[in-house]
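**Student:** Kindly produce the complete structure, drawing on both the sequences and the hints.
Residue numbers (the working numbering), protein chains in the order written: chain A, 23 to 173; chain B, 506 to 638.
The hints are simulated quantities; they were obtained by calculation from the structure and are not laboratory data.
Predicted model, so just to flag it, every value in this text is computed and none were measured.
Some clues are possibly wrong.
[Stated by the list, open to error] Straight-line C-alpha distance at most 25 angstroms; calculated DSS-like pairs for lysine-lysine: (1) A:K108 with A:K92; (2) B:K629 with A:K109; (3) B:K634 with B:K566; (4) B:K629 with B:K566; (5) B:K634 with B:K624; (6) B:K577 with A:K108.
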Amino acid sequence: MSWRNPWSELEVLRRELDRALGIEPGRSSTPPRVAFLPGRAARAYPLTNVSEDTENIYVQALAPGLDTDKLELTVLGNALTISGVKKGIEGVRPEAFHRSERAAGRFVRSIELPSEVDADRVTARYASGLLTITLPRAAAARPRQVQVTLG
Amino acid sequence: MAEKTVATPVEAAGQASEKETTRAEERYIAPPVDIYETPDGLTLVADLPGVPVDGMNIQVKEGILTIEGNVKVESPGTPVYREYELVNFFRQFQLADTVDTDRITAQLRNGVLELTLPKAEAAKPKTIKVELG
Chain A
23 MSWRNPWSEL EVLRRELDRA LGIEPGRSST PPRVAFLPGR AARAYPLTNV
73 SEDTENIYVQ ALAPGLDTDK LELTVLGNAL TISGVKKGIE GVRPEAFHRS
123 ERAAGRFVRS IELPSEVDAD RVTARYASGL LTITLPRAAA ARPRQVQVTL
173 G
Chain B
506 MAEKTVATPV EAAGQASEKE TTRAEERYIA PPVDIYETPD GLTLVADLPG
556 VPVDGMNIQV KEGILTIEGN VKVESPGTPV YREYELVNFF RQFQLADTVD
606 TDRITAQLRN GVLELTLPKA EAAKPKTIKV ELG
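**Tutor:** Printed below as a string of structure tokens:
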């Protein structure tokens, strides 16, 4: 075959370097690529901001265009899991697209909350593409004012 | 449709950048868009989370389509950790002459803007029947 893989030399060099550094073959020193195109495919979705006050923990997720019927929230201990579907554009031939920057599809994301929450009283609101979840702290995790008595 | 503003790289989508025109001092994010062709024209779909209907400002001036979204969000409590920053959205596109600017329609639902840009009648393909003589 006249065609040569231009990267084969580099591959050999990398393997040699790995061996010199004592890295076992097949296990690259660089972390594996999660997806061919890094970025939106490998990124955590939805992006979330977490804030708190003495009563509640608030989770705000940047999630436009969700299918509200398929949106699911699960709370267990101090872990919140958001799963759902972001609707893509259907029925359009791929060659009709001029630009395709919006990612779509199924997603699952778990977030560790700063404290335990009362799962029964969690409320969520979805408005203008923002999901706001209010999670009341569990009674045991609420800060308590301690009165100091002078003795 | 040619791009007037540069798309925010996906890796930096959570961070805001400065508008290139020096006079506007506010920070903004270029929203990701899908643009596709339909038999009647073009459809533009953009993700604009946190923008209410009255915060949307869409303009066509001298063939340039400007999409501006002013975010209105209340964030209760004190931040614990943040992955994104909600600032206003801004993006511009150069429109082709074939777009009928008077008939552009827009719809905003769940933070997704859908703009329909119909083709001008003159730009639509016409089938001409050939009659046998």
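**Student:** Of the hints stated earlier, which fail here?
**Tutor:** Hints 2, 3 not satisfied by this model.
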